[in-house]
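Chain order of the listed sequences is A and B.
Taken in order, the first sequence gives residues 1 to 269; the numbers are from our numbering.
Taken in order, the second sequence gives residues 1 to 579; the numbers are from our numbering.
It cannot be assumed that every hint is accurate.
[As the list claims (entries may be wrong)] Derived DMTMM-like pairs: lysine to aspartate or glutamate, alpha-carbon spacing no greater than 25 Å straight-line:
1. A/K230 / B/E496
2. B/K179 / A/E79
3. A/K231 / B/E426
[Unchecked claim] Among chain B residues calculated to face chain A with C-beta under 8 Å, some are:
4. A177
5. S248
6. G252
7. Q414
8. L422
9. S470
10. I500
By construction, these hints were calculated from the structure, which means they are not laboratory data.
C-beta atoms are modelled at their ideal positions from N, C-alpha and C, and glycine is treated no differently.
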Amino acid sequence: MSEAVILVPLDSSEQALAALPVAKVLGEIERAALRIVHVSERRPASAELLKLEATVPDGSTVDARTGEPAAEILLAAGEMKPRLIVMCTHTAAKPGKTLGSTATNVLRNAPCPVVLVPPGRDSIAWHLQHVLVPHDGTPTTSAALRPAAELAERASAELLVAHVTGIRAAPAEPGSLTTPRYVDQPQHEWPAWTREFVKRLECICPLGHLHVRMVLAHGNPAAEIVRLAKKQAADLMVLAWRGKWEAPRALTLKDILREAQCPIMVVRA
Amino acid sequence: MLRLASLADRHLLVQCATITPENYSGSVSIDAALTGTVTQVTGSGTTVAMAVARRVVDSAGHCMSSTEVVVGQLSLEVRLGETYRLDRVVAVHTSRDTDEPREMAGRQVKHAIEDVNGVIAEHREAWLTRWKASDLRIEGDAAAQRALRFAIYHLSSASNPEDERVSIGARGLSGTAYKGHVFWDTDIFLLPFFILTYPEAARALVMYRYYTLAGARAKAARLGYRGALYAWESADTGEEMTPPFVVSPDGGIVRILTGEQEQHISADVAFGVWKYWEATGDEGFLVNAGAEILIETARFWASRAELEEDGRYHIRGVIGPDEYHEKVDDNAYTNGLAQWNLEVGEEVARLVAERWPEQWRALSRRLGLEAEEPRRWLQVARELYTGFDEQTGLFEQFRGYFGLEDIDLAPFAQRTAPMDVLLGRERIQRAKIIKQPDVVMLVHLLWERLPPEVRKANFEYYEPRCGHGSSLSPAIHALVAARLGDAALAERYFREAAEIDLSDNMGNAAGGVHVGALGGLWQATVFGFAGLRFTDEGPEHRPNLPPSWRSLSMRFQWRGRWHELALPESGAERRITGG
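Let's have the full structure, built from the sequences with the hints guiding it.
The structure is reproduced here in structure tokens:
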């Protein structure tokens with residue numbers, strides 16, 4: 001069986017290094033080796049590579065590639081078949097932009113889940129104690145549940161399931177879950193609904209051995225998910241994505257990627 | 001597979017499964033997870049004993065395995081193509097019924113496993129009797145028919161005429177949500193079904209309120225009042241079971257005030273008791289139990305209402321059926337029902353004193369009731385503030401309600417969460433949006449006391465402001481809309497009510513059926529669409545059927561006689577049968 005690998009694309013920027021502490025912990029949890037791929041459009045100086053090698057965690061390897069960054073990263077991913085790609089959302093300062101062009105291209109074409117790390121968290125140490133899964137009640141978003149649950153289990157982390165309700169209609173997707181329209185007595189209804197929501201999720205993915213907590217909010221889904229992630233001190237968010245990027249698709253995902261302060265793992269639904 | 005909880009003998013549970021080997025002869029192992037006889041002591045000290053027995057019968061009807069109470073796995077030699085039936089019987093007895101629950105359960109299960117077919121036949125017979133009494137037939141609307149039979153099935157399953165110390169919890173016997181606690185749902189939403197189709201079960205439900213009077217008296221005394229204030233959430237003793245707070249799903253701690261402030265429950269209990277008496281004329285119940293409930297609840301209201309400087313009595317700091325607004329003064333529903341309760345308390349005191357003087361002397365001595373006390377109740381009732389405005393014909397739901405913010409509910413029409421979640425607790429308290437019928441509920445219950453224009457004006461004012469945050473809400477709106485002659489609106493609300501349990505789209509099906517909403521659905525049909533009502537002369541009907549309903553037929557019992565009602569009006573008939 002081939003060695004489990006996590007691919008960490010870097011460029012020569014300081015911001016890109018924000019992915020390293022996250023990748024290091026995920027590597028430990030997944031028992032996967034880190035494969036650092038340094039990509040630039042010109043060949044880097046030896047001194048620069050030596051400096052990078054001194055920065056990366058022990059046991060990881062550094063591979064320097066030259067070419068168009070996204071194409072090189074995807075080529076490397078095709079060769080290495082990594083379990084995850086962990087990279088920074090953007091390495092150049094572009095205020096208000098969701099993702100840099102490299103991260104966008106990688107996300108859209110990656111053969112595996114991508115963990116996107118906001119550059120603002122710098123190189124400070126990272127721990128995985130709270131994993132947050134936003135769940136709009138649809139079977140599609142349930143695709144994020146299994147990877148999130150498996151990660152939480154391996155990390156002995158808490159799994160937070162966030163459901164945002166609002167004035168919009170219930171999802172049309174068959175089998176979707178919603179909040180109850182009638183709450184006869186909140187002291188009974190909410191605990192019962194919470195138990196049932198989690199039980200229904202357990203039909204998709206075993207959760208019995210995990211510490212699972214439901215959190216409910218109402219309002220704009222992206223804003224509420226970002227707020228909940230901050231309030232609950234989530235270390236990682238796991239989001240399911242249908243794979244369509246062009247407007248008006250993926251609005252919630254784009255808003256979350258722009259505003260969230262924690263790393264986000266995006267998995268294909 | 002057949003699985004039943006016997007309606008004929010509520011101590012018995014039966015499972016039958018058949019097996020036919022299609023490509024195999026040999027050994028089969030059946031893990032029936034048997035436990036023999038087990039006992040468990042509940043938190044309240046009741047011992048529950050369960051005894052289990054099983055047997056396997058071959059296609060010729062011969063028993064292949066022991067019928068003894070057994071534990072563990074069962075191995076059988078089976079032959080290709082032959083059918084085998086596994087019967088399993090469970091008997092449940094508690095220390096509430098017998099001093100020897102374990103022995104009783106063991107003896108009964110041994111007997112029952114020998115005659116499983118007999119147990120099944122008796123169960124079937126019991127259900128036939130129930131359906132004969134309670135069925136409601138609709139032609140022209142299969143969905144409505146299905147919803148009503150679903151309601152009747154769950155209502156009938158949840159009742160037990162043989163046990164007066166239990167009632168029906170908010171989710172019936174179909175789920176564990178609400179912990180089996182008993183609310184006003186039973187007295188106001190369920191009881192009419194039982195009174196008219198299963199009076200024996202209705203009697204057990206009102207007797208439950210008699211057996212829990214001690215808890216109601218203790219609650220009133222604890223809060224500084226006289227008489228009986230029933231628990232908002234009641235269990236076996238009648239003590240208040242409402243938790244003081246809940247952790248909401250957003251992590252906030254929410255104070256729960258219904259246990260202290262939702263005091264209309266006492267008038268609701270009295271209302272149910274009086275309706276039972278009116279419909280059955282059950283003198284034994286009235287003299288030995290009902291009168292005491294009516295007197296003690298009237299006494300509570302007389303001590304609860306306070307005479308103020310304006311010369312009127314007021315009831316301050318309560319929650320009405322609309323639970324979005326807490327600690328309100330002079331809630332129209334509470335005051336309206338309290339007024340009714342005070343008057344009926346006086347009436348029953350007079351009635352018992354005149355017709356059963358000896359029992360009356362004993363009762364009034366036991367309750368320490370002075371001769372003039374019932375007359376004072378009438379005075380409090382007369383001077384009780386009701387919030388009624390002669391000019392508009394409207395009841396103000398509570399003091400200050402008309403000054404609250406009016407919020408248009410139309411933009412929220414597609415919502416999947418209740419309005420208090422969307423707007424937040426503080427905002428909803430400052431708005432006119434209500435959780436469920438409050439004044440409209442008063443109109444429904446005291447229909448005959450209010451002039452037609454007042455019923456209409458209040459429905460038209462409050463209906464658009466109702467957020468329907470309670471499952472009890474749509475059915476009552478259907479009922480009142482139908483009685484007011486708006487069949488289209490009534491039908492729309494009827495369908496909303498019917499969907500609550502039959503459409504698994506609320507994320508709360510596992511907790512159990514909304515049994516109060518099911519009772520409301522039945523009432524919407526019988527009192528709304530069929531327009532059944534009762535006067536001193538007896539039952540009448542003023543139907544207003546939905547256009548698609550070709551016919552509605554049902555039976556009901558009134559003062560010991562069965563009546564048959566067949567609508568529509570053109571072919572309407574009401575036959576009295578039996579005695």
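Right, here's what the structure says about each hint:
1. A/K230 / B/E496: violated, 38 Å
2. B/K179 / A/E79: Distance of about 57 Å is beyond 25 Å: violated.
3. A/K231 / B/E426: Status holds; Cα separation ~21 Å.
4. A177: This hint holds: B/A177 lies near chain A, its Cβ roughly 4 Å from the closest one there, short of 8 Å.
5. S248: holds, 6 Å
6. G252: Check failed: Cβ of B/G252 comes no nearer than 10 Å to chain A, outside 8 Å.
7. Q414: holds, 4 Å
8. L422: Check passed: Cβ of B/L422 comes within 5 Å of chain A, closer than 8 Å.
9. S470: holds, 5 Å
10. I500: holds, 7 Å
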